[in-house]
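**Q** Sequence:
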Amino acid sequence: MGLKSVPIYGSLYPEPPFLYYGTRLLMVLYKVKRESIPSDVLHENFEIRKRPLIMMFLTEYPESTIGQYYEAATFIEVKHTGKSGKTQGLYCNSMYVDSDIALTAGREIWGFPKKMAKMTLVEEGKKVIGTLKRKNIELIKATINLEEEIKNLPLPDVPILTIRQFFEPGGGSYSLRQVQAIDMELEPKKIMKGDIKVEFPEKSDDDPIHFLKPESIFGGFYMKLSKGVLPYGRVL
Numbered sequence: 001m002g003l004k005s006v007p008i009y010g011s012l013y014p015e016p017p018f019l020y021y022g023t024r025l026l027m028v029l030y031k032v033k034r035e036s037i038p039s040d041v042l043h044e045n046f047e048i049r050k051r052p053l054i055m056m057f058l059t060e061y062p063e064s065t066i067g068q069y070y071e072a073a074t075f076i077e078v079k080h081t082g083k084s085g086k087t088q089g090l091y092c093n094s095m096y097v098d099s100d101i102a103l104t105a106g107r108e109i110w111g112f113p114k115k116m117a118k119m120t121l122v123e124e125g126k127k128v129i130g131t132l133k134r135k136n137i138e139l140i141k142a143t144i145n146l147e148e149e150i151k152n153l154p155l156p157d158v159p160i161l162t163i164r165q166f167f168e169p170g171g172g173s174y175s176l177r178q179v180q181a182i183d184m185e186l187e188p189k190k191i192m193k194g195d196i197k198v199e200f201p202e203k204s205d206d207d208p209i210h211f212l213k214p215e216s217i218f219g220g221f222y223m224k225l226s227k228g229v230l231p232y233g234r235v236l
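So the sequence shown is residues 1 to 236, counted in the numbering used here.
Incorrect hints may have been included.
Ranges of calculated distance between the beta carbons of each label pair, as one might list FRET restraints [claimed, not checked]:
{"#": "1", "residue 1": "147", "residue 2": "10", "range": "45 to 51 Å"}
{"#": "2", "residue 1": "135", "residue 2": "215", "range": "36 to 42 Å"}
{"#": "3", "residue 1": "210", "residue 2": "44", "range": "19 to 25 Å"}
{"#": "4", "residue 1": "81", "residue 2": "183", "range": "17 to 23 Å"}
{"#": "5", "residue 1": "229", "residue 2": "39", "range": "33 to 39 Å"}
{"#": "6", "residue 1": "14", "residue 2": "201", "range": "36 to 42 Å"}
{"#": "7", "residue 1": "151", "residue 2": "9", "range": "29 to 35 Å"}
{"#": "8", "residue 1": "68", "residue 2": "178", "range": "51 to 57 Å"}
{"#": "9", "residue 1": "124", "residue 2": "10", "range": "24 to 30 Å"}
{"#": "10", "residue 1": "124", "residue 2": "178", "range": "28 to 34 Å"}
{"#": "11", "residue 1": "51", "residue 2": "201", "range": "23 to 29 Å"}
Derived by calculation from the structure, the hints in this document are not laboratory data. This structure is a prediction, so every number in the text was calculated from the model and none was measured. We put the CB at the ideal spot given by N, CA and C, even for glycine.
Please construct the entire structure, taking both the sequences and the accompanying hints into account.
**A** Okay, here's the thing in structure tokens:
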């Protein structure tokens, strides 16, 4: 008998792995200065280099285990030190979706810091434009002019890292607080590279991600995936 999510009768989501087909993904890789990242953004066991890599994406999942939805996220290159030793990874400091199933499953199972928002991902000939808005505030706008097809995405072979935590009933502490590593699987169908512009048009106290404004951009990419797999994570 499989595990059930709440509510136990009419569960909101199934057990992982979650499968994704036909994903469209606009991604940018860039660097920022360490001092631009507030210290309380990171877990106490995270370290960052002087100019950490940042990954940001806006994506549409047209078909998945939990249905169709849009997502946007930012990740910071970190090193985690814990009981299992040192682990390099990309820490997910912000994530946005437009599906209650994706939001709840992502937070409860993996600790993805998901919030509800509105995303768009529009193709205009050789141009692709992605936007993220929450509470009528435009947080991110990315525009890529597609130039050439490439075979491989220049991403570091490291897991995604998250902080999964829940309040203790009655308050005062956490009933659960753990760092997870998630090894996602992506099968690209086509990867395009191009000149990309990334903007953080408006600041928001509720969504403080503007500090991740690029210092230097490494590359912009637009991908279409044949398949993606989101498995259970592992505790570090």
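**Q** Could you work out which of the previously given hints the structure breaks and list their numbers from low to high?
**A** 2, 7, 8, 9 and 10
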